[in-house]
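Those protein sequence lines, which keep their order, are chains A and B.
Letter by letter, the first sequence follows residues 144 to 274 in our numbering.
Letter by letter, the second sequence follows residues 39 to 176 in our numbering.
Think of the hints as simulated: they come from the structure by calculation, not from any bench.
A hint or two may mislead.
Simulated coverage check for chain B against chain A, where a stretch passes if three residues somewhere in it have a Cβ under 8 Å from a Cβ of chain A [unchecked claim]:
no.	region
1	81-88
2	143-156
Far from chain B, some chain A residues (derived; all Cβ distances over 12 Å) [to be verified]:
no.	residue
3	V161
4	R162
5	W164
6	L165
7	E166
8	V167
9	A178
10	S230
Please read these numbers as outputs of a predicted model, since none were measured by experiment.
Built from N, CA and C at the ideal position, the CB exists for glycine as well.
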Amino acid sequence: MERLTVLYDARCMLCRQVRAWLEVQPRFVEIDFMAARSERAANRFPTLDQDRLLDDLTVVANDRMVYRGGKAFVMCLWALREYRGLSVRLSAPHMLPLAEASFRWVSKNRGRSRFLRRLFPTDQRPIRSHS
Amino acid sequence: MDTVVVMYLSYVALSVGLTIWVAQTLSKNGRVFLVDVFDGREDLANSINHLLVVGFYLINLGYVTLALRTSEAVDTTRVAVEVLAFKIGLVLLVLGGMHFMNMVIFSKIRRRRRLEDTPPPVTPDEILAHGPLGLGGT
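Chain A with its partners taken away, still in its complex shape (with noise of 0.2 Å):
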């Protein structure tokens, strides 16, 4: 596995920084981002179910394996020198879960979150999801 293909909802803010923070990250695997729901996306993934990706975070190794929301997250950690032993404890049974439902719960509520906004103040009104 050396590419990773990270597929996120680029009208989203919290979704933009993330990726932003992730491209200066050192790391062991390359990693390529492609906004969900864009041509680019359907061209290079015909077979990925195309609606499903602005709900989740879509992960695609250059090995056809497919990582969705929580397990996305974990694996953009994987690839990073820092992170990887990061997301190798996450992945512990006792954590998994914990670590997903998280994930859902910032997923959804990316758009809405004074929270979050506060974590990641921007200049822009993030746009809200459409979950």
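Take the given structure of chain A and dock chain B to it, following the hints.
What follows is chain B alone, placed relative to chain A:
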């Protein structure tokens, strides 16, 4: 010979002996560990081990010789033993500190190495029928 010279000689003999003993422990056990970390490449493990041991000797023998002298009036055997004990105590602490630092270095090397080989920690939710187009996907 003056009491103080006897003390100095005992100090040197004990300190050098202790240093050699600790260095050999580190060298013997460290080597096994390094061979594992470097995937069986014995010449590489030996070379790194040797470099670490040389550094260890330099620092410790340097400390031992620097700390030799005393300004106390070592006139009686009692004072000689007390001063000797104090100095040996310091040598042991320095050796212990160096030993600890070696362990930290080894453990960091090992952790780094293991991380590089770590496979994805989660199972995929789906596997695509076809690889991503436009890339060399299988």
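Handout entry: Non-interface claim for A/V161 versus chain B (Cβ beyond 12 Å)
Key = holds (18 Å)
Practice task
Run the C-beta distances from A/A178 to all of chain B and say if the shortest one exceeds 12 Å.
Solution key: holds (15 Å)
Handout entry: Stated coverage of the region 81-88 of chain B by chain A [criterion: 3+ residues, CB within 8 Å]
Key = violated (count 0)
Exercise for the section: Compute the least Cβ-Cβ separation between A/L165 and chain B, then decide whether it is above 12 Å. Expected result: With a cut-off of 12 Å, A/L165 remains clear of chain B, as the shortest Cβ separation is near 16 Å.
Handout entry: Coverage claim, chain A over the region 143-156 of chain B, checked by counting residues with Cβ within 8 Å (three needed)
Key = holds (count 4)
Problem - Nearest-CB test (12 Å) between chain B and A/E166 - result: Holds, since 19 Å exceeds 12 Å.
Handout entry: Status of the stated non-contact between A/R162 and chain B (beta carbon gap over 12 Å)
Key = holds (19 Å)
Handout entry: 12 Å cut-off, C-beta based - A/W164 kept clear of every residue in chain B
Key = A/W164 is indeed farther than 12 Å from all Cβ atoms of chain B, at 20 Å.
Problem - Distal placement of A/S230 relative to chain B, Cβ over 12 Å - result: Label violated. Min Cβ-Cβ 6 Å, cutoff 12 Å.
Handout entry: 12 Å Cβ clearance of A/V167 from chain B
Key = Fine: 20 Å to the nearest Cβ keeps A/V167 off the interface.
Checked against the numbered hints listed earlier, the structure breaks hints 1, 10; every other hint is satisfied.
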